[in-house]
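J.: Under my numbering, residue 2071 is the last one in the sequence shown; the count climbs by one each step, no gaps.
A couple of the hints might just be wrong.
Said to hold, decoys possible - Result set (PhoX-like, lysine-lysine): computed pairs, CA atoms no more than 20 Å apart in a straight line:
hint, residue 1, residue 2
1, 2038, 2048
2, 1495, 2048
3, 2047, 1495
Because the hints were derived from the structure by calculation, they are not lab data.
No experiment lies behind these values; they were computed from the predicted model shown.
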Amino acid sequence: MPQKQIIPYGLWPSPIGAIQTSRRLRLEDVLWDQSGALLWLEGHSDQNKIIVHPPSKAVYDLVAEPSPRGSVGYGGGDFTVQNGWVVFAGADGRLYRRRLGSGRSNPITPPSGAVASPQISPDGRRVLYIASDGAEDCLALVDSEGHSQPIPLTSQADFYMQPAWHPAGEWIAWIEWDHPNMPWDGARLKLGRLAGNPPRLVEQDVIAGDSCTPVCQPLFSPNGRWLAYISTDGDWEKLMLLDLETGSQQTLLSAGGLLLSTPAWVQGLRFYGWGRDSRRIFYFQYHTGQSSLWQIDLESERRSQIDTAPYTWLAQLAVSPHDDQLAFIASSPSIPNRVVRWDGNRLVVERHSDPEEIPPEYLPTPQTIAWTALDGSTVYGLYAPPANPRCTAEGLPPAIVNIHSGPTTQACFRYNAEAAYFTSRGYAWLDVNYRGSSGYGRSYIQKLRGKWGIFDVEDAAGGAQALVAQKLADQNLMTLRGSSAGGFTVLNTLIRFPGCFRAGICLYGVSNLFTLAQKTHKFEAHYHETLVGPLPEASQLYQERSPVFHAAQIRDPLLLFHGSEDRTVPPEQTEQIVAALLQQAIPHQYNKYEGEGHGFKKTETIRDVFDATEQFLQKYVLYST
1447 MPQKQIIPYG LWPSPIGAIQ TSRRLRLEDV LWDQSGALLW LEGHSDQNKI IVHPPSKAVY
1507 DLVAEPSPRG SVGYGGGDFT VQNGWVVFAG ADGRLYRRRL GSGRSNPITP PSGAVASPQI
1567 SPDGRRVLYI ASDGAEDCLA LVDSEGHSQP IPLTSQADFY MQPAWHPAGE WIAWIEWDHP
1627 NMPWDGARLK LGRLAGNPPR LVEQDVIAGD SCTPVCQPLF SPNGRWLAYI STDGDWEKLM
1687 LLDLETGSQQ TLLSAGGLLL STPAWVQGLR FYGWGRDSRR IFYFQYHTGQ SSLWQIDLES
1747 ERRSQIDTAP YTWLAQLAVS PHDDQLAFIA SSPSIPNRVV RWDGNRLVVE RHSDPEEIPP
1807 EYLPTPQTIA WTALDGSTVY GLYAPPANPR CTAEGLPPAI VNIHSGPTTQ ACFRYNAEAA
1867 YFTSRGYAWL DVNYRGSSGY GRSYIQKLRG KWGIFDVEDA AGGAQALVAQ KLADQNLMTL
1927 RGSSAGGFTV LNTLIRFPGC FRAGICLYGV SNLFTLAQKT HKFEAHYHET LVGPLPEASQ
1987 LYQERSPVFH AAQIRDPLLL FHGSEDRTVP PEQTEQIVAA LLQQAIPHQY NKYEGEGHGF
2047 KKTETIRDVF DATEQFLQKY VLYST
């Protein structure tokens, strides 16, 4: 190995460029057909397509137009496949159907808002799905050939997700919930019976869950006897079974520290699946930012882990109805997303998201760190030191402290293109899983209730202080970065803790809680009530925690990005901050991208964000006096 060059931190030459990073393929879902064909959804920039790999045959593109994309809420639930037929949600808000191998995509619903989570009935004659016009959501049914108008089955709840068919076709199950809850706060699992021609919902009963008890992913066993679902178990989760013959319920899987799901920010999430003989369930288990693959036998309740090394994060589990092969999306800090198949003995890579993989020595190797919050709570983070086999530097590195969005999500041990870009250039990177993050139990999530803008801010500053105390970064070269809800934390931290960071980077961040409460989309329309408090009673708290009313106190340079078409956090929220920075003559830069929404997808936009960020850091952090 050649001797390392001594080059200042932040200036190391890296093979990870903005262009390369922006071109990475998205792998978003994977499903099996009864024939043994494996299908997955991949996307690049703002275009998605469905790919098919038939058994012992070549891979081919099935659908590219219209772009398959579920459009209810934040998306997901993009397509389904059964017995050689694919039904997908088009980006134009219609459901489409087409045969595997040949033919064209035919619309089966009229354009009427947003659709997601199609599920084909066992006899193939109908499709169950979620529909939304932005104001009202419903569970709906449509003829699979589109010969009749869709039938709304129920619209009594505010939200629906994860519809499922019983194999006999008479019963269906789904998850629903109401404002002001998010699905991880409380939801209901319902079991309904269809009758008539056309079918109508003639019975529906709550099987589990309520406004304080979240449940998710109902799934009938192939033999029709069981309905499985995930429910809370105190601070953790359990896998439940409803015996449809006797009506009795039993806990199949429960243990302290057991997490079986992640927050349902999108439609169509799958964390477990039935074996084709109805005697086994395959499932993911989550622990401290990592996930693993397991199976459990229903009769003996014996569990065994399936080796998925070198992957540390798994998503979208699919079990083949043909032969019990498994497929899922897998990654690790050094491996970008892949479609991976388990054939019963070994793992087979079906699709790489990055065909020109970067040498692993340039990629971050995060480790868990922890520190103590002001109230005595333990706070968690993932720290990655600079990583470049050709460079070294003296002293402690500059650090980027990153605040995840949500806020009810978490930073995990999976591939992180943003972190890799900067750690390969000589920056340390800390992802803060502040109080309120998922992945550490229900009580950790609930710590942020009423405290958004307080605990997340304290933990952002605390993360920087922890890096200094543990001698992991230079206290004078800290940058705070965050997007969306994370951007809200960035702005508030610069206001409450001036000088703690040399600079801030805010991507489409929330700055005005009043505006957020009035203008955000339906899915998050009442999220703020849990995080801060209801209006008008909590008006004083909204005033105190909205960065826009205190932006004059910002003293540190700030880089801001926003999309012109953002409907979740309108660009006016950033522009009000920019106006205050101009008035106070605070160094800043604002990049607004035409046609972009909440989260950037265009290659040229992502490239510009990386380039602008690197130039900003060099000017205001590395070379600032």
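J.: Next, verify each hint and record whether it holds.
T.: Taking the hints in turn, this is what the structure says about them:
Taken as a hint, the residue 2038 and residue 2048 pair is honoured in the structure, with Cα atoms around 13 Å apart against an allowance of 20 Å. Between residue 1495 and residue 2048 the alpha-carbon distance is near 16 Å, which keeps this suggested pair within the 20 Å criterion. For the hint pairing residue 2047 with residue 1495, the CA-to-CA distance comes to about 15 Å; that is within 20 Å, so the pair holds.
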